[in-house]
Amino acid sequence: MKFSYRFSNLLGSVYRKGNVVFTPDGNSVISPVGNRVTVFDLKNNRSETLPIESGKNITCIALSPDGYTMILVNEDGEGYLCSLISKTVLSTYHFHQPVHQVKFSPDGKKFAVTRNSVILVFHAPGKRREFNPFQLFRTYQGAYDETVCIDWTLDSKVLCAGSKDMNTRVHAVERLANLTINSLGGHNDAIVAAYFAYNSLDVFTISQNGHLCVWECDTKLEDLRPYIPKVHRGQGQDDDLDDQENPDSKETEMDTAEPEDRAMYQRVQKFSYKEARGAKAKFAFLTSAAFHKTSAILVSGFQDGSFFLHEMPDFNLIHSLNVSDQSIASMAFNNTGDWLALGCGGMGQLLVWEWQSETYVLKQQGHFNNMGCLAYSPDGQNIATGGDDGKVKVWNTSSGFCFVTFTEHLGGITGVTFNQNGQVVLSASLDGSVRAFDLNRYRNFRTFTSPRPCQFSCLAVDHSGDIVCAGGLDTFEVFVWSMQTGRLLEVLTGHVGPISTLSFSSNQSFLATGSWDKSVKLWDVFENKGVKETLQFNSDVLAVAFRPDGGEVAVANLNAQITFWNPNTATQTGSIEGRHDLGYFRSENDKITARKAAEGKAFTTICYSADGQCLLAAGQSKNVCIYSVPDQMLIKKFEISRNYSFDGMEEFLDRRKMTQWGSLSLVDDGKGDQDGTAISLPGVKKGDMSSRHWKPEVRVAAVQFSPTGRAWASATTEGLLVYSLDHNLVFDPFDLEMDITPENVRKTLQDGDYSISLMLSFRLNEVKLIQEVLESIPVSNVPVICENLPNAYIDKLLAFLANQMEATTHLQFYMIWINKILMFHGPQLKQRSQSIMATLRMLQKGITRKHEDLGKICDHNKYSIGYIKALSQAKRKRVTELGSEDESDEVEEEKEDDSEDENFMSNLMNSVT
Numbered sequence: 001m002k003f004s005y006r007f008s009n010l011l012g013s014v015y016r017k018g019n020v021v022f023t024p025d026g027n028s029v030i031s032p033v034g035n036r037v038t039v040f041d042l043k044n045n046r047s048e049t050l051p052i053e054s055g056k057n058i059t060c061i062a063l064s065p066d067g068y069t070m071i072l073v074n075e076d077g078e079g080y081l082c083s084l085i086s087k088t089v090l091s092t093y094h095f096h097q098p099v100h101q102v103k104f105s106p107d108g109k110k111f112a113v114t115r116n117s118v119i120l121v122f123h124a125p126g127k128r129r130e131f132n133p134f135q136l137f138r139t140y141q142g143a144y145d146e147t148v149c150i151d152w153t154l155d156s157k158v159l160c161a162g163s164k165d166m167n168t169r170v171h172a173v174e175r176l177a178n179l180t181i182n183s184l185g186g187h188n189d190a191i192v193a194a195y196f197a198y199n200s201l202d203v204f205t206i207s208q209n210g211h212l213c214v215w216e217c218d219t220k221l222e223d224l225r226p227y228i229p230k231v232h233r234g235q236g237q238d239d240d241l242d243d244q245e246n247p248d249s250k251e252t253e254m255d256t257a258e259p260e261d262r263a264m265y266q267r268v269q270k271f272s273y274k275e276a277r278g279a280k281a282k283f284a285f286l287t288s289a290a291f292h293k294t295s296a297i298l299v300s301g302f303q304d305g306s307f308f309l310h311e312m313p314d315f316n317l318i319h320s321l322n323v324s325d326q327s328i329a330s331m332a333f334n335n336t337g338d339w340l341a342l343g344c345g346g347m348g349q350l351l352v353w354e355w356q357s358e359t360y361v362l363k364q365q366g367h368f369n370n371m372g373c374l375a376y377s378p379d380g381q382n383i384a385t386g387g388d389d390g391k392v393k394v395w396n397t398s399s400g401f402c403f404v405t406f407t408e409h410l411g412g413i414t415g416v417t418f419n420q421n422g423q424v425v426l427s428a429s430l431d432g433s434v435r436a437f438d439l440n441r442y443r444n445f446r447t448f449t450s451p452r453p454c455q456f457s458c459l460a461v462d463h464s465g466d467i468v469c470a471g472g473l474d475t476f477e478v479f480v481w482s483m484q485t486g487r488l489l490e491v492l493t494g495h496v497g498p499i500s501t502l503s504f505s506s507n508q509s510f511l512a513t514g515s516w517d518k519s520v521k522l523w524d525v526f527e528n529k530g531v532k533e534t535l536q537f538n539s540d541v542l543a544v545a546f547r548p549d550g551g552e553v554a555v556a557n558l559n560a561q562i563t564f565w566n567p568n569t570a571t572q573t574g575s576i577e578g579r580h581d582l583g584y585f586r587s588e589n590d591k592i593t594a595r596k597a598a599e600g601k602a603f604t605t606i607c608y609s610a611d612g613q614c615l616l617a618a619g620q621s622k623n624v625c626i627y628s629v630p631d632q633m634l635i636k637k638f639e640i641s642r643n644y645s646f647d648g649m650e651e652f653l654d655r656r657k658m659t660q661w662g663s664l665s666l667v668d669d670g671k672g673d674q675d676g677t678a679i680s681l682p683g684v685k686k687g688d689m690s691s692r693h694w695k696p697e698v699r700v701a702a703v704q705f706s707p708t709g710r711a712w713a714s715a716t717t718e719g720l721l722v723y724s725l726d727h728n729l730v731f732d733p734f735d736l737e738m739d740i741t742p743e744n745v746r747k748t749l750q751d752g753d754y755s756i757s758l759m760l761s762f763r764l765n766e767v768k769l770i771q772e773v774l775e776s777i778p779v780s781n782v783p784v785i786c787e788n789l790p791n792a793y794i795d796k797l798l799a800f801l802a803n804q805m806e807a808t809t810h811l812q813f814y815m816i817w818i819n820k821i822l823m824f825h826g827p828q829l830k831q832r833s834q835s836i837m838a839t840l841r842m843l844q845k846g847i848t849r850k851h852e853d854l855g856k857i858c859d860h861n862k863y864s865i866g867y868i869k870a871l872s873q874a875k876r877k878r879v880t881e882l883g884s885e886d887e888s889d890e891v892e893e894e895k896e897d898d899s900e901d902e903n904f905m906s907n908l909m910n911s912v913t
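For the sequence shown, the residue numbers in full-length UniProt numbering are 1 to 913.
Please keep in mind that the hints were generated in silico from the structure rather than gathered at the bench. Mixed in with the good hints there might be a few duds.
Cβ pair distances, simulated, as ranges [to be verified]:
1. Gly26 x Ser320: 52 to 62 Å
2. Lys270 x Lys856: 49 to 59 Å
3. Tyr144 x Ile592: 19 to 29 Å
4. Glu577 x Thr447: 41 to 51 Å
5. Tyr863 x Glu766: 51 to 61 Å
6. Lys270 x Glu852: 49 to 59 Å
7. Tyr863 x Asp631: 52 to 62 Å
8. Phe7 x Asp631: 18 to 28 Å
9. Thr359 x Asp751: 15 to 25 Å
10. Leu634 x Tyr144: 51 to 61 Å
11. Phe652 x Asn421: 26 to 36 Å
12. Asn589 x Pro24: 44 to 54 Å
For lysine-lysine, the following BS3-like pairs were computed, each having C-alpha atoms within a straight-line distance of at most 25 Å [what the hints assert, rightly or not]:
13. Lys293 x Lys157
14. Lys43 x Lys109
15. Lys109 x Lys220
16. Lys796 x Lys768
17. Lys157 x Lys87
18. Lys17 x Lys695
19. Lys280 x Lys293
20. Lys43 x Lys363
21. Lys869 x Lys796
22. Lys87 x Lys56
23. Lys270 x Lys282
24. Lys596 x Lys532
25. Lys87 x Lys820
26. Lys796 x Lys830
27. Lys591 x Lys518
28. Lys17 x Lys363
29. Lys820 x Lys830
30. Lys637 x Lys56
We treat Cβ as the ideally placed atom computed from N, Cα and C, and that holds for glycine.
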């Protein structure tokens with residue numbers, strides 16, 4: 001098994017903080033998720049998290065007009081120049097202070113950055129030949145407080161900047177003769193947004209208290225004159241004289257406009273959102289805004305989750321809507337102005353709304369509390385997650401979207417799992433219920449409860465899906481229900497501590513229960529004979545997992561040890577000491593060293609791989625470890641996060657954060673308040689100690705291998721991280737010899753020895769070469785080759801076909817290969833089904849996905865053809881009515897044409913159905 005797992009996608013979290021932006025084509029929206037960036041492809045219904053990771057949470061995103069480069073800025077003011085083509089970081093630049101907004105000019109030659117009270121304008125990278133991509137062009141000052149927003153004119157000559165000092169300033173980027181600096185007041189609160197009108201110098205300014213001012217400029221954009229110095233010579237001098245001969249005869253005069261010719265601004269209108277919100281509506285601060293210049297549509301978002309669309313400059317209300325009760329942190333229009341993206345940081349929600357049809361293009365929301373558990377579906381196509389917010393979400397691994405959310409639970413979710421066919425999701429909760437959800441009808445069809453109130457801490461379902469078990473947190477009992485009837489079958493007693501984990505054996509009727517009473521009990525649920533074996537330990541049991549074949553059970557304890565046991569003989573077969581593998585990390589408020597703090601860390605979740613040769617373990621740290629079970633040693637360690645916005649990331653004490661009074665982390669600046677404002681006592685500048693300010697601690701709540709063996713997922717503080725294999729980067733030949741080369745393989749293929757060339761390509765084990773050979777084999781030779789292929793190549797061919805089913809367009813060709821292999825070698829494959837279970841599940845996943853995609857296309861075509869056929873019939877009926885009045889030759893020709901159209905549609909309809 002290969003361990004070249006790489007970060008693939010981030011699910012379970014769609015938006016944290018910062019601004020969302022659309023790509024230039026308007027088909028994708030880019031959202032900051034913690035210290036990463038996710039691209040949501042709205043046209044193809046897919047999401048992708050870029051393999052770019054910052055040191056802190058990202059707060060600003062700017063996309064170049066050509067869509068090739070992107071600038072990211074995190075909380076500390078560190079900027080990253082990224083390429084959307086290669087998806088890599090090209091360069092970094094530290095602004096040394098927090099940045100509110102970054103914006104490219106419309107021509108793409110410059111970009112502006114707001115840092116404190118100044119505006120920094122840089123030359124755009126890639127437009128000029130320079131060694132440093134971040135080359136400063138000019139610095140603009142004048143504000144008395146932090147500058148929070150900027151906007152450019154269409155010709156990129158002028159920019160405006162709004163500040164918290166209640167003023168908006170208009171600056172000329174290049175020196176202009178009739179425009180210098182104009183300061184626009186008129187507000188009594190901090191400016192939130194300021195925008196130029198389309199192809200004009202008119203400005204719209206919006207303040208935090210919901211006031212909008214319209215400023216009209218007396219100069220048009222095309223009337224701006226550049227700043228050009230003029231040279232005048234004295235009278236009687238020849239203009240052709242050399243400058244060096246008469247150096248004293250020159251006088252330089254600047255081409256500046258007179259005061260009455262300079263561009264001046266005048267406030268022509270002032271509007272208030274109070275009328276739009278209604279007289280009975282409570283006061284709420286305006287938090288974000290967006291303006292589409294071409295259509296002159298202004299959208300404004302408020303602290304209470306409501307937003308309004310107005311037509312400018314008359315401020316005519318188009319639409320008003322309330323998306324949630326949380327503050328809207330960011331808004332953005334696409335290039336056509338039809339789609340509107342909204343990000344709510346409090347709910348972790350991202351919406352794309354088409355305001356003309358009043359429908360949602362995208363509506364995604366992650367767990368706004370900690371994610372505690374996850375489970376893969378049997379085919380690896382879906383992932384179910386449960387959080388402390390009481391919600392169960394099901395995510396599609398290929399698209400990255402959540403397609404259903406169940407909110408029936410009233411308490412935090414402690415366990416989720418799928419049944420044997422993947423059509424039912426079961427979840428256990430602290431509200432004292434276990435619920436079963438149907439993924440076809442999206443409803444809760446069965447609820448399991450205990451005779452007396454009990455908080456369930458773990459959940460397990462047997463291999464057949466008939467028995468459901470849940471462990472109690474406060475009653476120390478295990479409850480067993482029937483999936484068919486929903487009746488309580490048995491209550492397993494014997495533990496003297498809270499039940500922490502459950503696990504069913506796949507091929508036996510063993511149920512392993514782990515508890516904080518330092519024991520693991522093996523039960524035979526079907527024979528009702530009580531406890532079969534009891535395994536004693538020196539510390540609390542935190543996690544138990546059966547090997548896929550049921551021949552071994554792994555137990556993780558509070559002392560960071562993982563022990564392996566034979567369930568039939570109750571003997572220990574091995575152990576792993578994992579304390580040093582967890583790593584050493586300390587919190588900001590810890591008064592002990594990281595090595596001392598690591599003594600209280602342990603693995604809280606473990607999982608076997610599909611072949612049972614490896615074990616995935618994680619817990620109260622940022623590391624996920626993969627162990628080799630036969631060798632009982634660490635194979636690879638994954639660091640799930642490098643985000644220092646979380647607590648528990650640093651190993652050593654940072655002296656820069658220490659003062660003579662203690663750590664700076666004890667000083668609360670109010671950033672953790674819900675509304676983003678510090679509530680401080682009079683005279684206190686930094687906030688008081690009563691404010692709730694805390695940093696979440698990074699940890700891994702659950703890990704699980706995909707049934708296909710090509711990926712594994714972990715529920716972490718950041719979200720649901722998915723790591724997958726990339727076989728294209730691994731060269732792993734099989735039984736290689738000197739004369740096995742790509743040239744010889746192609747030569748054998750040209751000679752017509754298809755079976756030999758196929759086996760040689762598998763021995764060389766290059767994906768492109770195998771695909772070339774396989775697709776060159778005639779369909780008529782497939783049955784003979786499959787029947788005579790040696791057993792050593794059957795598994796490899798089946799695995800290759802399973803991988804190709806996800807991306808190939810030759811569906812019928814590959815389905816013929818799969819069909820012939822299963823027909824000729826079905827009995828042999830069934831005997832070793834455990835060893836190739838990952839391949840079979842991956843094959844099932846690919847076929848199921850293609851079936852769903854083709855089903856959608858066929859349904860769309862069927863309904864479209866039906867609609868066209870109905871239109872044709874209506875047209876024929878109308879022609880018939882006209883023909884009764886006027887039996888002309890033209891009507892007869894139309895009848896014949898309609899008859900032919902109807903026959904063609906009928907034949908096409910029959911072929912589709």
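Here's how the hints hold up against the structure:
1. Gly26 x Ser320: 52 to 62 Å: violated (24 Å)
2. Lys270 x Lys856: 49 to 59 Å: holds (51 Å)
3. Tyr144 x Ile592: 19 to 29 Å: violated (46 Å)
4. Glu577 x Thr447: 41 to 51 Å: Holds: the Cβ-Cβ distance is about 43 Å, inside 41 to 51 Å.
5. Tyr863 x Glu766: 51 to 61 Å: 44 Å Cβ-Cβ, so the 51 to 61 Å window is violated.
6. Lys270 x Glu852: 49 to 59 Å: Roughly 55 Å apart at Cβ, these two residues keep to the hinted range, so it holds.
7. Tyr863 x Asp631: 52 to 62 Å: The hint (52 to 62 Å, Cβ to Cβ) holds, given that Tyr863 and Asp631 are roughly 57 Å apart.
8. Phe7 x Asp631: 18 to 28 Å: Given a distance of about 26 Å, which is inside 18 to 28 Å, the answer is holds.
9. Thr359 x Asp751: 15 to 25 Å: The hinted range 15 to 25 Å is violated for Thr359 and Asp751, with Cβ atoms some 59 Å apart.
10. Leu634 x Tyr144: 51 to 61 Å: holds (57 Å)
11. Phe652 x Asn421: 26 to 36 Å: violated (51 Å)
12. Asn589 x Pro24: 44 to 54 Å: holds (46 Å)
13. Lys293 x Lys157: holds (16 Å)
14. Lys43 x Lys109: violated (29 Å)
15. Lys109 x Lys220: With a Cα-Cα distance of about 23 Å, the restraint between Lys109 and Lys220 holds, given a limit of 25 Å.
16. Lys796 x Lys768: holds (15 Å)
17. Lys157 x Lys87: violated (31 Å)
18. Lys17 x Lys695: holds (15 Å)
19. Lys280 x Lys293: Measuring from Cα to Cα gives roughly 32 Å; hence the hint is violated.
20. Lys43 x Lys363: Holds, because 14 Å separates the two Cα atoms, which is no more than 25 Å.
21. Lys869 x Lys796: violated (48 Å)
22. Lys87 x Lys56: holds (19 Å)
23. Lys270 x Lys282: holds (21 Å)
24. Lys596 x Lys532: violated (39 Å)
25. Lys87 x Lys820: Between Lys87 and Lys820 the Cα gap is close to 41 Å, so the pair fails against 25 Å, i.e. violated.
26. Lys796 x Lys830: holds (16 Å)
27. Lys591 x Lys518: violated (30 Å)
28. Lys17 x Lys363: holds (17 Å)
29. Lys820 x Lys830: holds (15 Å)
30. Lys637 x Lys56: Satisfied, since the Cα-Cα distance of roughly 22 Å is no more than 25 Å.
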